[in-house]
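Put chains P and L on the given structure of chain X with help from the hints.
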Amino acid sequence: MNAHLWANSLNSVLNHPLGSTLVITVSWPVLALACLFRPHSVRYVARFLFPLGALLCVMMFLLAGAFLISGHSPESMTLPLGLPDLPFHVRLDALSAFFLLILGFAGAGISTFAAGYFRSGEGTAPGLLGLHYHVFLASMAVVMLADDAYLFMVAWETMALSSYFLVTSQHRIPEIRRAGFLYLLMAHIGAVCILLSFGVMQGGSWQFTFDAMRSASLTPFWATVAFTLALLGFGAKAGLVPMHVWLPEAHPAAPSPVSAMMSGIMLKTAIYGLLRVTFDLLHVQFWQWGVAVLALGLFSALFGVIFAGVQTDMKRLLAYSSIENVGLIFTGIGLSILFAASNLRLFAALALAAALIHALNHSLFKSMLFLATGSVLHATRQRSLGKLGGLIRSMPWVAALALVGTLAIAGLPPLNGFVSEWLLLQSFLYTPQLPHAFINMLIPLGAAALALTVALAAYVMVKFYGVIFLGQPREASLAHAHDANWLERIGLAWLAAGCIAIGVQPQLALHAVGKSTGMLVGQTIAPDPSVWRIAPIAPEQASYSGWIFLAVILCTVAITFLAVRLLAHGRIRKTVPWDCGYPWQTSRMQDTAEGFGQPIRHMFGAFFRMERELPAPTDLTPRYRVHVEDRFWRALYQPIATAVQRLADAISFLQGGRLAFYLLFSFLTLLGLLVFVL
Amino acid sequence: MLRSHLDVELLKLLAAGMLLISFAMLSTRRTQQLITLFAWQGAILFLSTTLVAHEAGLTELYFSAGLTLILKVITLPLILHILIKRLGAQWDNERLVNIPVTMLVGLMLVIFAFGLAQPISLLATTITRHTIGIALAVILLSFLMMITRRKAVTQVIGFLAMENGLFFAATSATYGMPMVIELGIALDLLVAVFILGIFFFQIREQFDSLDLHHLESLKEE
Amino acid sequence: MRGIAFVWQFGEVILAIALAPLFSGWIAQCRAWMQNRTAPPLTQPYRMLRKLFNKDAALAENASRLFRTAPYVLFGTMVLAAAIIPSVVTDLPFARAADSIALIGLFATARVFQALAAMDIGTAFGTLGARREMMIGFLAEPAMLMVFFNAFLLFGSTALTSVVDNYATHPSVIDPSVMFAAIAFVMVLLAENARIPIDNPATHLELTMIHEAMVLEYSARHLALIEWASSLKIFNYACIGLALFLPWGIAIHGAHVGSVLFALSALLVKLAACGAALALIESVSAKLRIFRAPEFMAMAFLIAVLGLLVHLLLGANTGA
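Chains as they are written, first to last, in our numbering: chain X, 99 to 776; chain P, 3 to 223; chain L, 11 to 330.
If we strip away everything but chain X, and leave its shape as in the complex, we get (with noise of 0.2 Å):
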């Protein structure tokens, strides 16, 4: 009888798939509100509380999950709610499914994480904390299920402003609040451009849903007009290069499950946002959008990789990688603009399939990454890596799964990192077939591109890995660096499962986003329906098997090794380090992050503005300075600020304090808008 009802159930939520992610979303302002009733309890809400937000996001992950697998065609709902005129619309199709199941699966990781991570003493008390997170969390999900303008705005600002106090979280600190203020003024410059973009796409109608949208009927250049505005505004929330000045200095300054939060989920959001402006609103109408978007990611890639670096700080790394990343999708959804503008469709649905699997990889691995330097930050109150090192041995859970996230992220087989940009550089390779003149001959160039960028990533990882973990402390105080608690624990685990299922057996991801390319380019790209290995194109031409690659690596470890304590023999002596025969060895000999980092320093010196101070060989105390600045902050931003400054100043002759002017002003809009109406 019981077994009779939990199947009744499971299969009326199975068959009302958009109804019941609804509930799920509600529930997290519930719990929000749940957390207000004892906000200084860190037991109440961080052990109890959070668990409960990290199972509702299994189970959004699972409703996705099972929306996606089983082709359901897609729902629509009108909701009750909003102002009379402009109802909330809302449905669930193979995008926002796919994006859902990025954030449920992401979500429960990092709310695992955040609830073995946050104790008192964060600057603003759990129960605050709590509860911005849970309706973060919620009006990004709404974000995803919004069908028209109007809803998708609400849930836009709520997500930045919700944010917002989470980045701010140690409010006492004058950068943070900095930080904070930088992240929602570009944030809010996003939003404009988007709202714009929105006007710009209801050609006419004055109706705001998307379905107006997708059928209204635009000339090319109110086309182009709406992408460009929709790509600043999305670009600037993704952080596309040159918008992107506010990550750096936002995901350091909030709290580790924040930043993973951020770096996560909400920058797909904004992927999200695109794809459904491009494809689905626009329908994809011009090659040279696609262009412009492939040139902005490359770009965006090649530039994020190279400051992430230069980097001393752990999380402002992190943070430029994630401007590298956010590149590289963007490079995947350019081609297949490209692509599907030129009609090569099955090439589009290649880029595509690319874009979203990394946009997939990216919410796991950087996740897990921020997770892991948040229990770093927590053991030994260090961000710098000058001052940390030799983390794997009083750390040894952590240095683990750091190093499945590192390698991940490195784009190393057999994890999942390398799937995406497997796909992406098979996608590079039939560009030669594009019918236009100078672009076959140009864009197979930003394979090469691509590639350097997949390279330099590997490298700078292996300086976040090797500067913090591995090594000699580089401080006294490192010895005594606890590992992470059991909650921790169990949330890097699940993201480090995630990568490591996807990198084996990347059809699971290809099967999740064949929905989507179909809906979005008119074509599923068809892996050969083998377990074993994914081809996209065809089998005689690329294929891969994660399988294969796992298991005759462990294979031929395990065989090495047993051959080798059999036939010779497993003796081992321990000594001091050999270092060509140096009397003395401290920590302070090894590498440290700037001395690493100084290939790309040299190398690649114009794209940073650099002050150095370097010490004269007659000092008694010889120092080293290297600021690293951004160029883009000199050159675009400041004189963007000090214009709006004059501007400001020039207009402030209006608030002259006199109570007569400001009754003016309001009568002679009262009089103008009397003349308009009447």
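No lab work stands behind these hints, which were simulated from the structure alone. All C-beta atoms, glycine included, are put in the ideal place defined by N, C-alpha and C. Treat the hints with care, since some could be wrong.
Here are the simulated lysine to aspartate or glutamate pairs, DMTMM-like style, with alpha carbons at most 25 Å apart [as the list claims (entries may be wrong)]:
no., chain 1, residue 1, chain 2, residue 2
1, P, Lys-87, P, Asp-9
2, L, Lys-65, L, Asp-175
3, L, Lys-65, X, Asp-677
4, X, Lys-485, L, Asp-66
5, L, Lys-61, L, Glu-222
6, X, Lys-485, X, Asp-747
7, X, Lys-672, L, Glu-305
8, X, Lys-672, L, Glu-71
9, L, Lys-297, P, Glu-96
10, L, Lys-280, L, Glu-222
11, X, Lys-672, L, Glu-292
12, L, Lys-297, X, Glu-709
Beta-carbon label-pair distances, calculated as ranges [as the list claims (entries may be wrong)]:
no., chain 1, residue 1, chain 2, residue 2, range
13, P, Leu-106, L, Ser-293, 28 to 34 Å
14, L, Gln-54, X, Leu-665, 19 to 25 Å
15, P, Leu-125, X, Phe-536, 35 to 41 Å
Okay, now just chains P and L, sitting in the frame of chain X:
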């Protein structure tokens, strides 16, 4: 037809060799090596002109090829060699822009040249019409070499290499230029090298160095 | 999958593991001949491996698990690469696991593990070697990718077995794109395998070491495995080059024992020639300063891209 196929393959190979040599000239650090590369470029030109003459059956192209051999493979490199030995400028070859950037710019120029040449290739009727793009690329790369170098001698070699490229383009597109024009150009080249050699001695006497940035001081103040 | 294919597969792997030190020994012997000195016997690498396996491993006190497992992982990745590359036959079940771009990823995995292991002890040389190795890596990967891109345009596939299977429709060797791709490939091979002009495999001068600096702390069986993995790496690279540019002799489609034996002898002859050519290049080149290495790699990248462009311009237009 098999022989013709082989000839076309060889011509493609020689054209690719011309392109490779232009890039090598762009990146080499020693002036002596530069002159050797220039001689090799002349040799390739000689071979390809001979091949085209053989295929198309035009006897005047044989004369052009012979002229190229005498002038560009033997005489001019010899003169230049003696010149730089006297000037003592065999080795140092500084540049204004570093090598990787020069290479990238060169690559962009090649893509540009190839893109431009594609419609022309469709119109021309010679068997070497596909190599017009390469000839154009060689001209542009030699110009780039003239721009990004500091020493005076390399400018001359760049100028000569540009002429090589023009000759190659003429052979590819229209089976060579009228004989009168060719003889005239050859004579011009010879005279130019002599005069420039005299100028170099003067420059060196005046500034004690062949670095061209000294010439910048000759301006109104 | 035919059952006999698995026999060929394992045979090829065993062959690679067994032949790799011999290949390194042969290169050393050719180098010695060209430099007018007496060479150690061809079996010297095997003797050194035996000596190393018999020694006790002297580990630093602060070596972690990563340090001790890295040599095994390195060896494992190189064995997997040997299983994927068609050196003798193309009927390999595991070859479907990776195309040439995945091979680049596999080599990258090996490189990253080696660099991490080098950083583990925390000496100055280990981190120096790791940093330089990663630098060479990120410069060589774009060049390598362009070579394979070229190969894809010329041969229609990035899977090495398909390339070899279709060698009857191979473009001729004097095709400029093929030559450019080959030159670029040789330059990348020199860089990735720590040969002159990028790195001197025999040096122990601290400031010029790259590969040697990373293995400074290893001894005994760990060092033996790493050395074996390095010789396997150059063997694999040589076989990739042969498969792409000189595939004649490799047994294709349903091979039988006769053609496999023929392929084996062809492989030995080709490898001998490759080894001699490599030794020649090493003997006539000088080692570059470390920051001239980017120029070398830029040249390799450029030549590969030129091959690509020349193919797009000449190959696509020509009807012949």
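Structure-based check of each hint:
{"no.": "1", "hint": "Lys-87/P / Asp-9/P", "result": "violated, 39 Å"}
{"no.": "2", "hint": "Lys-65/L / Asp-175/L", "result": "violated, 45 Å"}
{"no.": "3", "hint": "Lys-65/L / Asp-677/X", "result": "holds, 19 Å"}
{"no.": "4", "hint": "Lys-485/X / Asp-66/L", "result": "violated, 35 Å"}
{"no.": "5", "hint": "Lys-61/L / Glu-222/L", "result": "holds, 19 Å"}
{"no.": "6", "hint": "Lys-485/X / Asp-747/X", "result": "violated, 45 Å"}
{"no.": "7", "hint": "Lys-672/X / Glu-305/L", "result": "violated, 42 Å"}
{"no.": "8", "hint": "Lys-672/X / Glu-71/L", "result": "holds, 5 Å"}
{"no.": "9", "hint": "Lys-297/L / Glu-96/P", "result": "holds, 21 Å"}
{"no.": "10", "hint": "Lys-280/L / Glu-222/L", "result": "violated, 28 Å"}
{"no.": "11", "hint": "Lys-672/X / Glu-292/L", "result": "violated, 38 Å"}
{"no.": "12", "hint": "Lys-297/L / Glu-709/X", "result": "violated, 33 Å"}
{"no.": "13", "hint": "Leu-106/P / Ser-293/L: 28 to 34 Å", "result": "holds, 32 Å"}
{"no.": "14", "hint": "Gln-54/L / Leu-665/X: 19 to 25 Å", "result": "holds, 20 Å"}
{"no.": "15", "hint": "Leu-125/P / Phe-536/X: 35 to 41 Å", "result": "violated, 19 Å"}
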